[in-house]
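Just so you know, the protein sequences line up as chains A and B, in that order.
Those letters in the first sequence? Residues 1 to 417, by full-length UniProt numbering.
Those letters in the second sequence? Residues 1 to 417, by full-length UniProt numbering.
Hints in this document: simulated from the structure, not taken from any laboratory.
Hints may be right or wrong, so weigh each one.
To be verified - Simulated pairs of lysine-lysine, DSS-like, Cα-Cα distance not exceeding 27 Å:
# : chain 1 : residue 1 : chain 2 : residue 2
1 : A       : K50       : B       : K388
2 : B       : K50       : A       : K261
3 : B       : K210      : A       : K210
4 : A       : K388      : B       : K261
Protein chains: 2
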Amino acid sequence: MNAEIISVGTELLLGQVVNTDTAIVARALSALGINLLYSAVVGDNAERLKTAVETAITRSDLLIMTGGLGPTADDLTKETTAAAAGRKLKLHEDSLRRIQTYFNEKHVSENQEKQAWLPEGCTVLQNDNGTAPGCAFQAENGCTVIMLPGPPSELAPMLENYAVPYLKKSVNSVIVSHNVHIYGRGEAPVAQMMDDLMDGENPTLAPYAKEGECYLRVTAKAADEQQADEMCAPVIEEIRNRLGEFVYGIDVESLEALVVKELLQQGKKLATAESCTGGLLAKRITDISGSSAVFDMGCVTYANEAKEALLYVPHEILEAHGAVSEETARAMAEGIVRRSGSDLGIGITGIAGPDGGTEQKPVGLIYIALSDGSQTWVVKRSPIGRTKNREWHRHCAASQALDMVRRYLEGLPVTVE
Amino acid sequence: MNAEIISVGTELLLGQVVNTDTAIVARALSALGINLLYSAVVGDNAERLKTAVETAITRSDLLIMTGGLGPTADDLTKETTAAAAGRKLKLHEDSLRRIQTYFNEKHVSENQEKQAWLPEGCTVLQNDNGTAPGCAFQAENGCTVIMLPGPPSELAPMLENYAVPYLKKSVNSVIVSHNVHIYGRGEAPVAQMMDDLMDGENPTLAPYAKEGECYLRVTAKAADEQQADEMCAPVIEEIRNRLGEFVYGIDVESLEALVVKELLQQGKKLATAESCTGGLLAKRITDISGSSAVFDMGCVTYANEAKEALLYVPHEILEAHGAVSEETARAMAEGIVRRSGSDLGIGITGIAGPDGGTEQKPVGLIYIALSDGSQTWVVKRSPIGRTKNREWHRHCAASQALDMVRRYLEGLPVTVE
Numbered sequence: 001m002n003a004e005i006i007s008v009g010t011e012l013l014l015g016q017v018v019n020t021d022t023a024i025v026a027r028a029l030s031a032l033g034i035n036l037l038y039s040a041v042v043g044d045n046a047e048r049l050k051t052a053v054e055t056a057i058t059r060s061d062l063l064i065m066t067g068g069l070g071p072t073a074d075d076l077t078k079e080t081t082a083a084a085a086g087r088k089l090k091l092h093e094d095s096l097r098r099i100q101t102y103f104n105e106k107h108v109s110e111n112q113e114k115q116a117w118l119p120e121g122c123t124v125l126q127n128d129n130g131t132a133p134g135c136a137f138q139a140e141n142g143c144t145v146i147m148l149p150g151p152p153s154e155l156a157p158m159l160e161n162y163a164v165p166y167l168k169k170s171v172n173s174v175i176v177s178h179n180v181h182i183y184g185r186g187e188a189p190v191a192q193m194m195d196d197l198m199d200g201e202n203p204t205l206a207p208y209a210k211e212g213e214c215y216l217r218v219t220a221k222a223a224d225e226q227q228a229d230e231m232c233a234p235v236i237e238e239i240r241n242r243l244g245e246f247v248y249g250i251d252v253e254s255l256e257a258l259v260v261k262e263l264l265q266q267g268k269k270l271a272t273a274e275s276c277t278g279g280l281l282a283k284r285i286t287d288i289s290g291s292s293a294v295f296d297m298g299c300v301t302y303a304n305e306a307k308e309a310l311l312y313v314p315h316e317i318l319e320a321h322g323a324v325s326e327e328t329a330r331a332m333a334e335g336i337v338r339r340s341g342s343d344l345g346i347g348i349t350g351i352a353g354p355d356g357g358t359e360q361k362p363v364g365l366i367y368i369a370l371s372d373g374s375q376t377w378v379v380k381r382s383p384i385g386r387t388k389n390r391e392w393h394r395h396c397a398a399s400q401a402l403d404m405v406r407r408y409l410e411g412l413p414v415t416v417e
Numbered sequence: 001m002n003a004e005i006i007s008v009g010t011e012l013l014l015g016q017v018v019n020t021d022t023a024i025v026a027r028a029l030s031a032l033g034i035n036l037l038y039s040a041v042v043g044d045n046a047e048r049l050k051t052a053v054e055t056a057i058t059r060s061d062l063l064i065m066t067g068g069l070g071p072t073a074d075d076l077t078k079e080t081t082a083a084a085a086g087r088k089l090k091l092h093e094d095s096l097r098r099i100q101t102y103f104n105e106k107h108v109s110e111n112q113e114k115q116a117w118l119p120e121g122c123t124v125l126q127n128d129n130g131t132a133p134g135c136a137f138q139a140e141n142g143c144t145v146i147m148l149p150g151p152p153s154e155l156a157p158m159l160e161n162y163a164v165p166y167l168k169k170s171v172n173s174v175i176v177s178h179n180v181h182i183y184g185r186g187e188a189p190v191a192q193m194m195d196d197l198m199d200g201e202n203p204t205l206a207p208y209a210k211e212g213e214c215y216l217r218v219t220a221k222a223a224d225e226q227q228a229d230e231m232c233a234p235v236i237e238e239i240r241n242r243l244g245e246f247v248y249g250i251d252v253e254s255l256e257a258l259v260v261k262e263l264l265q266q267g268k269k270l271a272t273a274e275s276c277t278g279g280l281l282a283k284r285i286t287d288i289s290g291s292s293a294v295f296d297m298g299c300v301t302y303a304n305e306a307k308e309a310l311l312y313v314p315h316e317i318l319e320a321h322g323a324v325s326e327e328t329a330r331a332m333a334e335g336i337v338r339r340s341g342s343d344l345g346i347g348i349t350g351i352a353g354p355d356g357g358t359e360q361k362p363v364g365l366i367y368i369a370l371s372d373g374s375q376t377w378v379v380k381r382s383p384i385g386r387t388k389n390r391e392w393h394r395h396c397a398a399s400q401a402l403d404m405v406r407r408y409l410e411g412l413p414v415t416v417e
């Protein structure tokens, strides 16, 4: 089954809005084993839209339209697509009532009512997060046409809850992907280690790099989800065998989500002492709802005086080794454990750039320490390869800290050669 | 001048990557006054790509291709586009030398060398951030064709430094936009206040909402930049007259960048005490390079004990009013000033959700306090309208804190009715 997407909206052609709808729909189609051959963006122009829809209906089995279903005059998708597909619009009473309820009144304006006019005989896709319903129908030549609203907060749930189930009826296979998340080994060496596994056609295996981490995606096509899962399982097992402790999870949301979960399970608390990451690590931990049970306190100590006052870092250490040093990171981690009474403490100090680097201590040099009150481990990150920016250095240092906590909690060596 | 974009890459059709290139190019075209009529994504398939390029060259004056210029076998853009445009590829010696230098060796592999083969007679667009050069040339029918590399970190600077100057020669007008950044007034009331100004055709005025803030974009088309600026100026002036202190800047990068700059100018220091924002405010301040001169210390105090120990919040206040209260926010702000010795201190406490809300203290209730050591101001944020998520509540609370600092530094009333 070959598909294409047409997104409608002049704002997408002015670059004011990034077209995330296409990626959302593309992932869903990929999971259904439907080949997406084209995607296009057309402005709010009836003539150009008509031409694009006609071409798509002629060459593809499935056309997904996003955007242009709203109440205003420049929302042209339904009229234009229905005409190109040889269908008339008809008032859909249920949708009108939903719109009336949404606005909490009996009489809705003509503009708002316009949204309830849908192609005759279509399957209505209910909008649980807005006013414009979507729809699915077959064009005269047999091409399936699906229309979804533009706002991603409306499109994503409608796609998942109504459009995908509709499409599942017409495809007889599913594609299932599982992501094996890896920390501490880069994309290139991981790909090399998995070289022989990457020739497989079903399941397939592909490596991806993402913000200083990498993951392997295992994808299988089968008649149903269970069968696809069973095909993925031995490949995931083999990856685990080869990468061991560097695999931190399968299909996990993030390192911080995993760490918060493991801290909760073990009833342990973590505290943070940050210099160059400036609160980013604490922010990432507290991004996770429920983190208050494992996180009492974090200190952002940019100034040396703050490191001394809040974290008991000895003045002599700062004097002798400087703020960016293994010794300071160690003292920060130990100091925050003492200050907070938490089970574990992280200390991070380094040079995030773009300014402040020297020959001895270049931008990107960051020390990360983990202490449990009786023992302390330090990892030194040095800049290698292409120049990265401030955001990247900060993000990677925070990730490294999270992975050290993960390793500690899982009983693995905290530092890796 | 009518343009279209074709992005090449199967990964874009699998939804693994969001197509940000199109938005970047679209904004640049918009600024040049070039109409973008279509954008499309085609996979790494020579036949479909050829058809798409042929259609584009026939109907548009300008075609911009992104992606598929790299060294691997599925990088087909140059061969396919050159063939469709009636051009041969030729080895470009300078580009080959740049690739050799990049890899720090004399002999580069055949794959890498492939990147230096470019359409005969083209203008080469140098890649300062990678190996694959871009190029610009005219097809046989006169359509201008520009090819840019896919990675946004390579595409964006090449576009700005080489492709835009190339295009400027062929357009005889420029479009200039200025953004008027507003805090404390929403998009809808701002739009209403500017109603009469929004009918203008040149310059135009349009309101945008962005993560709890809003801005007005003033856009003028003229023969050159200076003239366009002069056309925008009176509109910007009028907006300033109407919105006054709610305008925090024209074309500024962010609230945090503005606040760090103003703190630097006034030689003042700021410290932060965060509960529900969990380090996000400190993170946003330290996102700004050079912030170490104005930011010594931040505390993330999730637990009540941490609020008492680090910020001297009296036990009685926590007992009597709870952690989420005006009194606690006030004590946190005053406490961090005392603890840090900074000129200004922020205290934030609230319920970011999704859990932890009650009828008296619902999710979204957040108190933000600013203290200068002698006086303290508190703003209460209450959840209104549609339910927002944890990230939104945290972001908006941090923005509110930054705006309070901005108001203080500019001598405006810190709190607004």
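These are the hints, each one checked on the structure:
For the hint linking A/K50 to B/K388, the alpha-carbon distance of about 37 Å lies beyond 27 Å, and the restraint is violated. With a C-alpha separation of about 50 Å, the suggested pair B/K50 and A/K261 falls outside the 27 Å cut-off, and the hint is violated. Between B/K210 and A/K210, the direct Cα distance comes to roughly 26 Å. Compliance with the 27 Å bound is thereby established for this hinted pair. With a CA separation close to 24 Å, the supplied pair A/K388 and B/K261 stays within the 27 Å bound.
Checked against the numbered hints listed earlier, the structure breaks hints 1, 2; every other hint is satisfied.
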